[in-house]
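Each of the two chains sits in its own frame; use the hints to bring them together as a complex.
From first to last, the protein sequence lines are chains A and B. Numbering of the first sequence is given in the working numbering, commencing with residue 11 and proceeding in unit increments. Numbering of the second sequence is given in the working numbering, commencing with residue 1404 and proceeding in unit increments.
Simulated from the structure, these hints should not be mistaken for lab results. Quantities reported herein were computed from a predicted structural model and do not represent experimental measurements. Take the hints with a grain of salt, since some may be wrong.
Selected chain B positions facing chain A (Cβ under 7 Å, derived; list incomplete) [said to hold, decoys possible]:
no., residue
1, V1444
2, D1590
3, L1628
Just so it is clear, CB atoms sit at the ideal spot from N, CA and C, and this is done for glycine as well.
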Amino acid sequence: MGDLIKNIVKKSPWIYRINAGSCNGCDVEMATTALIPRYDVERLGCKYCGSPKHADIVLISGPITAVVKEKVLRVYDEIPDPKVVVAVGICPISGGVFRDSYAIEMPLDGYIPVDVNVPGCPPRPQAIIDGVAKAIEIWKTKL
Amino acid sequence: MSALKLVFNMLIFPGGLFAIMLGMLLMGVDRKLYARIQRRVGPPLYQPFIDLVKLLQKEILVPQTANYTVFRAAPLIGFIGMLAAAVMIPISGVYPGLDSSANLLVLLYLLATPALALMIGASASGSPYSAIGYSREMSITIAYEAPLLVVLMTVAMKVGMANGGFADFSLGHIISYQQQNGSMIFDITMLPALLAFLCCIPATIGTVPFDIPEAETELAEGPLLEYSGSGLAMYNLTGGLKMVIISALAVALFFPGTLGSFWLINLLWFVFKCLLVITLTITVVRATRARMRMDQALKFYLTVPVALALVSLVLTLLGVRI
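Extracted from the complex, chain B is given alone in its bound form (with noise of 0.2 Å):
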C-alpha cells in the first residue's frame, strides 16, 4: 500500500502531473506578467504548454561530434531528479512530505541535478560554446550553492535548536515548529535568511541577471545549443519543475501558513504563494535588470546573500530573540 502510495505521489499528485502543470502555469504567468510590464499583451497563459507540443513534434537533430547515448540520456537525470523532489516538499494542510529525518539535505543534492544534466549533456554534445556555456554553470553552481546551504543550515539550527538538539534537517520538523511559534518570514532574526534565500533563486533557474551560462547573445543559448525537440521539451520542463520546487522550499522554509482546514483552499493557498515568489524574484527582476558578467555574479553571491544568511545564523546561534 505505501509503495502505491508513493508511486501516486511521485507520478500525480504533488509529484509528475501536478508539478507539471503548476510548472507551466508558472512559466506561462511569468512570460505574461514580463510581458505587461513591457507594456505589451504577450502570450497567453497556456505558451509553455504549446511550446511543449510543438517541440516534441520536431525533428530531433544529434551532432556527429557528441555522444549519442549521454547526449540522449541526460536531459533525463534531471528530469527524473526534479520529480523526486517534488516528493519530498511537503504542501501544509494537504500533503505531509516524505517523511524522513534529513530530506533538506537530499533536497539539497536533488537541486543539483537539472545543473549536473545540463553539463552532463552540453560536455557529450561536443559544441565549442556548450563547452563554455558548461563551464560557466559550474561556476556559478558554486557561486549560489554556498549562500544556499548556509540559509538552510540556519533553518536547521533554528528549530533543532528549539527542539533541545543542534541542527533538525527534517522537513516536516520545520513545519511542525513553525506551526507552534508562528512562520519564519514573521521573526526578525530569519529575515536576512529569507531574502538570500530569494536572492539565490534567479540563479538557481537561469534567469535574466544570472542566465550567464545560457546568454543567447554571446554563447547561442550555451548548454542548450545542440538541444533539438524532445530533449529541449525535457529541459524546458525540468526548469518549470525547478520553478516549483525552489518556491514551493521557500514557502514551506520560510511561509507555509494554512488558511483554514479544507484541502483545496489550502492547495490554493500554496499555488498563490509559489506564485508570489517567483513574481518577485525572477520576474521583476529579469524584467529591471541586465544580464552580470561571470565575475560580478560570482562577487554578488559570495557577498551579499552570504552576509545575509550568516547574520541570521549568528543570531541563531546565539539564542537571540526579538
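Bound-form chain A, shown alone (with noise of 0.2 Å):
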C-alpha cells in the first residue's frame, strides 16, 4: 500500500470495546470520560461501533476472567485485519486488585498481541487517549 494512501487510512480507525471482567472502573473512564464530547476523539476520525467486524483499533479492559477468556478470544478473531490492540487499565497486565484470585486468567498478553498498555486503576482519560493516538501510529505501521 502507497504512503498516500496509508496516511489517508490512518485517519479513520474505528474503536471497540471488550469488557473481560473488568470491575466497570475502566469502562466508564474509557465510555463516559476519554471518549465523549469533552475530550472529542471523534476528531482524530475515531468512531465507536457496535460489532467487532468494523473496527480497526479495540480496547480490552479487564484481568481475563476464566469464564470470559474463550468469548474475549473469539471476538477477537473476529475483527477484520489489520487491528491493534489496547490493553487498558492495570487488570489486563498484571491483574491488578484481582492478582491472586484463582478466578482469573491475566495477562492479556499470554494469548492475543497487545499493541499499547495504558496502565492505571482506573487510567486517566488523557492516558487513555494517549493510547489510542500510539495505536493509531502502531496501526498505520500494520497497514
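Printed below as a string of C-alpha cells:
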C-alpha cells in the first residue's frame, strides 16, 4: 500500500471495546469520559462501533476471568485485519487488585498480541487518549 | 445517442459520481454539525471519504453460517437501486430528470431497495442479531412507507387536478406546475404534507430516533453486524446516496425554485437546499433526541405524519385554496 493511502487510512480508526471481566471502572473512563464530547476523539476520525467486524482498534479492559477468556479470543478473531489491541487498566497487564484470584487468567498478552498498554486503576482519560493515539501510529505501520 | 446520454446520466452527472460526492458531503456536514452542536471539534468534512478508503483496505470476513453469494451480492442491490433513482430526480434549472409519466411511483419503489438489500443481506448472514435487526427494519419500513405514500399521493393529486385529470405521478409535470403556480411550500394547504414528508426522512435514512434496526447498544449494529470491509463500505455509500435521493425528492416536490437561469448557480442552490433538508431533519433531530422503542416509532408514524398528510390530501380533494 502506498504512503499516501496509508496517511489517508490512518485518519479513520474505528474503536471497539471488550469488557473482559472488568469492574467497570475502566469502562466508565473509556465510554463516558475519554471518548465522549468533552475530550472528543472523533476529531481524530475515531468512531465507536457496535460490531467487532467494523473495528480497527480494540480496547480491552479487565483481568480476563476464566469464564470470559474463550469469548474474548472468539471476538478477537472476528476483528478483520489490520487491527491493533490496546489493554486499558492495570488488570489485563498484571491482574491489578484481583492478582491472586483463582478466577482470572491474566495477563492478556499471554493469549493475544497487545500493542499498547495503558496502566492505571482506572487510567486517566488523557492516558487513554494517548494510548489510542499511539495505537493509531502502530496501526499505520501494520497497514 | 440517447443511450449514451443515459449512461452518462447514470454514471457521472446526476447519478454516479456526482450523487456519491454529494452524499459524502451531506454525511460529512452531518457529522461535523452534530459535533458542533455537542460543542466539540468533530471530524473533518471529508471524513466519510476517508472511512470509505479505509473500509476498502480491510479484510472481508464472511461468517460460516452465511450464504456466501447472497451475502456478498446484497449490498449491490441497494446501491444499484439508488443509482437508478438518482437518474430520475430532476434538478430544476440543471437537469430535467428522466422523462416518464409515472416516475414518482417508480421512485417510491426504488426508495425501498436499500431497506430490502439490508434485509436480504442480514437474513443471509445467519446471525441472530441480524435476524432481529432485519425484522425491525421490516416493521419500520411499513411504518414510514404509509405516510410517504399519502404525501406523494397528495402532491400528485394537487398537480393532476390543476391539469384537469386525477393524479399525475410525473415529476416533470410536478416541477412545471410549481414553476407556473409557485412552489408548494408557499401553499398553506400543502404545509402539513411537507411536515409529514420531513418526519419520514429520519426513518428512511435510519438515524437516531428511528435507528431501531441498527441500535448498536442492544443489537450491535443489527443487519450490518456481520459486514466488514467493502460490503460495509457499500452500505455506507448507499446510505449517503439515500440522503441525496430523499432530500432531492423533498426539494423537487416542495420547493424546486431556481435562481436565475445560469446552471452552476442553480446547482449550488440545489445543493444548499439538500443540505438544509438534511440538517433540519437528521442532524438537529439526532443531536437532541434519544432512540425510540419500536412500538413508539410505529405509533408515531401511523398517527402524526399520516394525520398531517391526510389533512393536506382532504384539503386538496376539496379544492381549497388559501
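Hint check results:
no. : hint  : in the structure
1   : V1444 : 4 Å, holds
2   : D1590 : 41 Å, violated
3   : L1628 : 5 Å, holds
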